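Chains as they are written, first to last, in this note's numbering: chain A, 7 to 392; chain B, 1054 to 1362.
Hint data in this document are derived by calculation from the structure and do not stem from the laboratory. Please read all numbers here as calculations on a predicted model, not as lab measurements. Be a bit skeptical, because a hint or two may be false.
[Unchecked claim] Quick list of in silico lysine to any residue cross-link-like pairs, SDA-like style, CA-CA up to 25 Å:
| no. | chain 1 | residue 1 | chain 2 | residue 2 |
| --- | --- | --- | --- | --- |
| 1 | B | Lys-1272 | A | Val-100 |
| 2 | A | Lys-160 | B | Thr-1278 |
| 3 | A | Lys-160 | B | Met-1255 |
| 4 | B | Lys-1254 | A | Arg-159 |
| 5 | A | Lys-183 | A | Gly-214 |
| 6 | B | Lys-1269 | A | Gly-99 |
| 7 | B | Lys-1269 | A | Gln-132 |
| 8 | B | Lys-1276 | A | Gly-214 |
[Said to hold, decoys possible] Have a look at the derived ranges for each label pair, beta carbon to beta carbon:
| no. | chain 1 | residue 1 | chain 2 | residue 2 | range |
| --- | --- | --- | --- | --- | --- |
| 9 | B | Pro-1187 | A | Asp-50 | 55 to 63 Å |
| 10 | B | Val-1344 | A | Ala-193 | 42 to 50 Å |
| 11 | A | Asp-133 | B | Leu-1216 | 49 to 57 Å |
| 12 | B | Arg-1171 | A | Gly-67 | 24 to 32 Å |
From the three backbone atoms N, C-alpha and C, an ideal C-beta is built for every residue, glycine too.
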Amino acid sequence: MSQGALQKAHEDVHKTQPWNNPEAVPFIRFENVTKKFGDFYAVDDVSLDIYRHELFALLGGSGCGKTTLLRMLAGFEEPTAGKIFIDGVDMAGVPAYERPTNMMFQSYALFPHMTVEQNVAFGLHQDGLPKSEIRTLVSDMLALVQMTKFAKRKPHQLSGGQRQRVALARSLVKKPKVLLLDEPLGALDKKLREQTQFELVNIQEKVGTTFVMVTHDQEEAMTMASRIAVMNEGVIRQLGTPFELYEYPNSRFTANFLGQVNLIEGTLVDDDEKYAVIHSDDAGGEIYIDHAVQGHEGATLWIALRPERLRLLTEKPTDTKYNCLSGKVEEIGYLGGLSTYHVRLDSGFRIKVTEPNSSRHIEPRYTWEDRVWVTWEAGAASVLNQ
Amino acid sequence: MSSEKPTLKQRYDRLMLKHGRVLVIGLPYLWLMLFFLIPFLIVLKISFATAEYAQPPYSALFTWIDEGVNITINFGNYLFLLSDSLYISAYLNSIRIAAISTVITLLIGYPMAYGIARAQGSLRSVLLMMVILPFWTSFLIRVYAWIGILDREGLINALLLNLGIISEPLIMRQTEFAVYIGIVYTYLPFMILPLYSTLEKMDVSLIEAALDLGCKPWKAFMKVTLPLSMPGILAGSLLVFIPSVGEFVIPELLGGPNTLMIGRTLWNEFFANRDWPIASSVAIAMLLFLVVPIMWFQHIQTKQEENGQ
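Let the hints inform the model, and build the full structure from the sequences given.
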């Protein structure tokens, strides 16, 4: 495949969405994979399909099993039960050095006794390629990650960002079918991390390799990934595109994990075909949802409200009795681009609202102890039953 | 405040702040001066004298004649060392035995150190403890124990004879073989400990990276683990090699009459022949022999520190 075709194939992943096509053949497949360390289930019966050209993120806190899953893919750990397929081949018993995967380690694991060039060439030497070919491949790869100038340096003479690039070059140069990235940007400072996120995505588009990434940083996963699996305690809690996960969380866990959210407990009082009404003692009011809710009346539900979907008003709206909670501004955080307000509702519940500061010269509209009404559109809330 | 006289405590604090570092470093150096450098100079002085039937049994280096100093330096001892093949072969033999022992110690110690470094937390401390444990008994007693094991009527022979595996006792003690056993046994911890500390510090993900990039485990070891443990190999080897060259007790107690080592030669010159000048020149020559590898090691170590490894 030419470079152009590869690039196109990648871009198409977002459009074709192979995960929604039952005919599509997964590139990597986890089949009921379990990994136990002693009595501890690091990974508990995980099944997962990843498609060619995806940039797939495994997201979760420490000890959630994401790294174990990645290490099983690399061949550093064998599953206790279940099967792993890469490109249709069962990986059981295939040692790390024979797998079509390469890994970029969290610590980068650059060989300290070798120069940048030797580090990148290391994997190619193992394949027994002719010297001239190795030289070309290495210099091409160093050019791709903009490290040509530093080819003769040793790792300890490089900055963190430069080491990260060398590690990437070393793992990509063998043209693996799958590139595994373990917290690829974890060791970089915030500014560099944001810049590198986009660079990594661009490089992935150029080389067309399937990337599987482990991260604990939801922002990183959201920015980079085609799809994200949110993990907790060895299980995948939710799987989907960044958009799906943010807008349609399936549980309080994912709602909380991705971005900020106000979680309000309530009871279903009215459930129609077109709408639903939930009464909440937490919020001290009635909440109107613009779609039907699956559940019997009287069931306990949670409403997830993103702070940026909420609006503050100084006057009580007169047109509706729903989705309108009164309270007092308790805390204000001015973040430049936006401001965060913590409003103490009359019910005692504290709700978080963010408002964009879209023009200069205007003092924030609300100040401490102001009486305000918090409102939102009927479609803004998502209903969770777990 | 400033016009007042400083209290004793303040004066002390000021003194420590200013000169504390010099004191901390200076005291051990003073100690070394007194008990290493001065004795060394005395030995050096004696090595340039001639043997005499006198008290002390050597000629004076400085003699006072008519308010002037007469210095008599005698290089004859050193020339004698070169001319008599006994000394040269004793040196070469010592170096050979020390080198072979070092290689054996390395071959035994490396896998042990590797195993300990990769062991789980609590097991690791137990294993390390067991390496250090022999130091709780005197070195001399442990060498005597080997006599009991290797002797004609020793443990091994008794066992093998009783089992009927051999009909004649094996001659193990008073051979070079016994000297190797003694040296390897005695100096093994000095090999394991520095190796352990380099291997333990090594990032396991480096080996995983090598495997990931297509190395079979053995090749990953050769390409990554081994070169990165070089500082430990060097340190351990020198800690074994240097004292082995001058070893006296082990060849004396376990070796045979033919096991010629420089430590024994030195002892003979000093106590049997009562030739202090020759004995001193043997000692000085041995020191010079050993200074070379030590300097080389220092050089490599500073180079590695500059490389930040």
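Quiz item: Can you list which hints this structure breaks, lowest number first?
Solution: 8 and 9
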